[in-house]
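Colleague: Produce the complete structure using the sequences and hints provided.
Residue numbers (the working numbering), protein chains in the order written: chain A, 13 to 344; chain B, 3 to 322.
Everything labelled a hint here was simulated from the structure, so no lab data went into it.
Mixed in with the good hints there might be a few duds.
As the list claims (entries may be wrong) - Quick partial rundown of chain A residues pointing at chain B, CB under 10 Å, derived from the structure:
| no. | residue |
| --- | --- |
| 1 | LEU81 |
| 2 | VAL102 |
| 3 | THR117 |
| 4 | THR136 |
| 5 | PRO139 |
| 6 | GLU167 |
| 7 | PHE172 |
| 8 | PHE197 |
What the hints assert, rightly or not - Partial pick of chain B residues on the chain A-facing surface, computed with a CB cut under 7 Å:
| no. | residue |
| --- | --- |
| 9 | SER142 |
| 10 | SER201 |
| 11 | GLN285 |
Just so we're clear, the structure is a prediction, and the values are computed from it rather than from any experiment.
Yeah, the Cβ is synthetic: ideal placement off N, Cα and C, and Gly gets one too.
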Amino acid sequence: MTQTSVSASAAEPPLTVLGEVRTGLVSHHGTLTREQTERLLAPLALGEPVLSWERPIAHSSSAATVTGLDCQLALSADGARRVRAVGTAVSHAAITGGTILQCSTLATVRPAAVQRRLDWSHYTARPGVLETISAQPPSPQQLEAGFLAEDVPREGCADFGSICDRLARKVQNSQLLEGAAPLLFQWTRLRWAATVRQGASGGPAVAKLQLGDELGRTLSLAVNASSVTEVAEFCGDLALHDWILTTVIRRMERLTADGSELDVREISPVVSRLLHLWMPAARVNPELSELWTEFEQKPGFTRQWNSLVSRMRDQISLHTALQRGVLINHDS
Amino acid sequence: MSADFQESSARPRMPQIPYAHLSIELDHLYMEDLVGEGANLGERMARVRPWHDAIVASFAAAGLRSRPRVSTCVLIDDYFSSLVSPADVVPRLREAAARAGLQIDYLARESCCAQIGRVSPALLAADRLVQTPAAETDGSRPPTKETGWLSNGRRSPAESRFSMQSREWTPPVEANARRHSVFVDVELWDEVDGKRVWSCAMLAAVWQLLRLGLLRDQGRPLIVPEPLDPEEGLPDSWDALPPVLQLEERAAPFTGYRTASILDHRFMPVEHAVRVILGQVRQDSDALEILEQRARGEGLREADGVLGRLGYVFLPDREA
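Modeller: Shown next as structure tokens:
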């Protein structure tokens, strides 16, 4: 894909981008073809193309849907300090490998030029921009602290999670889908805040990932040479792999909870549906793929993944061997 | 060593379109304006002429780097009725304009705002509506919608027959009003025999977007003006005409960075509704970027959003 990065003079203040991604499975037993995926996503934004990639993995993304907001953004972890923000957030639904559904919402936060709400046409000309109205513009650190600390939505504060959920329901309710996912899963949510320094003078790119409670994760990013779209794709990619890992770990935990051997019939849907989707940093620019490399060092996503995969494979070969009578099972 | 791989399907570029500086609508005509002896097109055009000249002059004085490129158009309402044929109307209209010293570059059919082939421009525009949020809209609930209607603020709470006596009336509120509200609720469409009929306001909003080149289908412009086939001549039915007919071979492009509309005063409420609609149409960032970049390149000032690009002259009844 070709893209221009945010290019601006170094004097321009950094952009703060806030976003949330929900990851789960499409309610459809089979794997969607590219054509089915595009037909599913096209009605979300009429007249605009669904973008599709074939390599290294099938991935399609809907055009943006837009939500109008006039709300608060928290500026501290406890939510006590807030700022009014007016504008719009953009959302996308994306499908990877014909089976994983991700709904994401993001907005770039900028200080308003005038300290009052303007005519709505000002905001509809800038989809995906939220303007903060305050005498003192909030710092990227404040915005990030307020946004990432928010585990449960706070009354009055921008609620990207609900916007993602509504979009997901819209996709899942489509007549094109059978209505049930191929395996049990839980949705994960990744909230992220990125400081996009404009110009390359801002120091090295940084990323901090935190696994919170059950299914919530937060990611804080600072980048220099990436566009908002590229950052959003990186966050989606990270959320996708975290979801695959989480889903497989949970399943293995559940299957071995009573100390018994793994039932191969329980593993096979995971193997057939998810194994080939592991493709980290598939569509990620050089700056962001370096961040991926660091995540591979710590926490070591792919290491953990490989160990899970070999465990599953071992179980399957063991099972096969037993069935063929190659090994004698002394328990039976 | 370096390798590059790109997939052609991803992120297509939005195609450029030709732009005039300004698109001036000389008249918006209902069919009944064109019928009978009372249809004095010559007089209409004669009244339009000084305003046309004034608009061009004020544009030229704005510090353009070149002579203003201006195209003119007339919109004919063939959506709600079709009493007269193009073969009858078009020559009369051109002649009336010529007598007033004007030239009609493009003739557009209002029904093209509802449907062009398999594409409905009105549906595309309606799908882009992002309702103006009331204060304290945080995204946790879906926006409240009245199917087929769009307001510029918050409606009065609905009252049932039974609650009428007990509850006090709460006024509707214009979003972001300057102290007092001018609340407007615009009907976008209704249904007749299960078929959607777009309102004049919705079609007129689409008409403005088409003139600015801001409404696209999969990136493609919806309107490409077509000249008249000299062999064929003017048809008897409006359907047989292209959506926008190019009458003058050497006309400036149909789409403009800005539009000016010279209209009878009866269109004022419709145009207010148009602005209520257009303010809530999320703009295609790429299409708007093309327009803004090119306009800047020609020395034109920025406008905030779309509404600042639309100018009007509303003509009162005849003075004498």
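Colleague: Hint by hint, note whether the structure agrees.
Modeller: Verification of the supplied hints:
A least Cβ separation of about 6 Å between A/LEU81 and chain B falls short of the 10 Å threshold, and the interface hint therefore holds. The criterion of a C-beta within 10 Å of any C-beta in chain B is met by A/VAL102, whose closest approach is roughly 9 Å, and the hint holds. Residue-level restraint check for A/THR117 holds (minimum Cβ-Cβ distance to chain B is 8 Å; threshold 10 Å). This hint holds: A/THR136 has a C-beta 5 Å from the nearest C-beta of chain B, less than the 10 Å allowed.
Contact between A/PRO139 and chain B, as hinted, is supported at the beta carbon level, the nearest pair being about 5 Å apart and thus within 10 Å. Checking A/GLU167 against chain B by beta carbon gives a least distance of about 8 Å; that is within 10 Å, so the hint holds. Hint status for A/PHE172: holds, given a least beta-carbon distance of 7 Å to chain B, under 10 Å. Interface hint at A/PHE197: violated, since its Cβ lies 24 Å from the closest Cβ of chain B, which is beyond the 10 Å cut-off.
Hint status for B/SER142 relative to chain A: holds, with the closest Cβ pair at about 4 Å, below 7 Å. Interface restraint check: B/SER201 against chain A, minimum CB-CB distance 19 Å, threshold 7 Å, status violated. The interface hint given for B/GLN285 holds, since its Cβ lies 5 Å from the closest Cβ of chain A, which is under the 7 Å cut-off.
The structure fails hints 8 and 10 (numbered hints given earlier, in ascending order).
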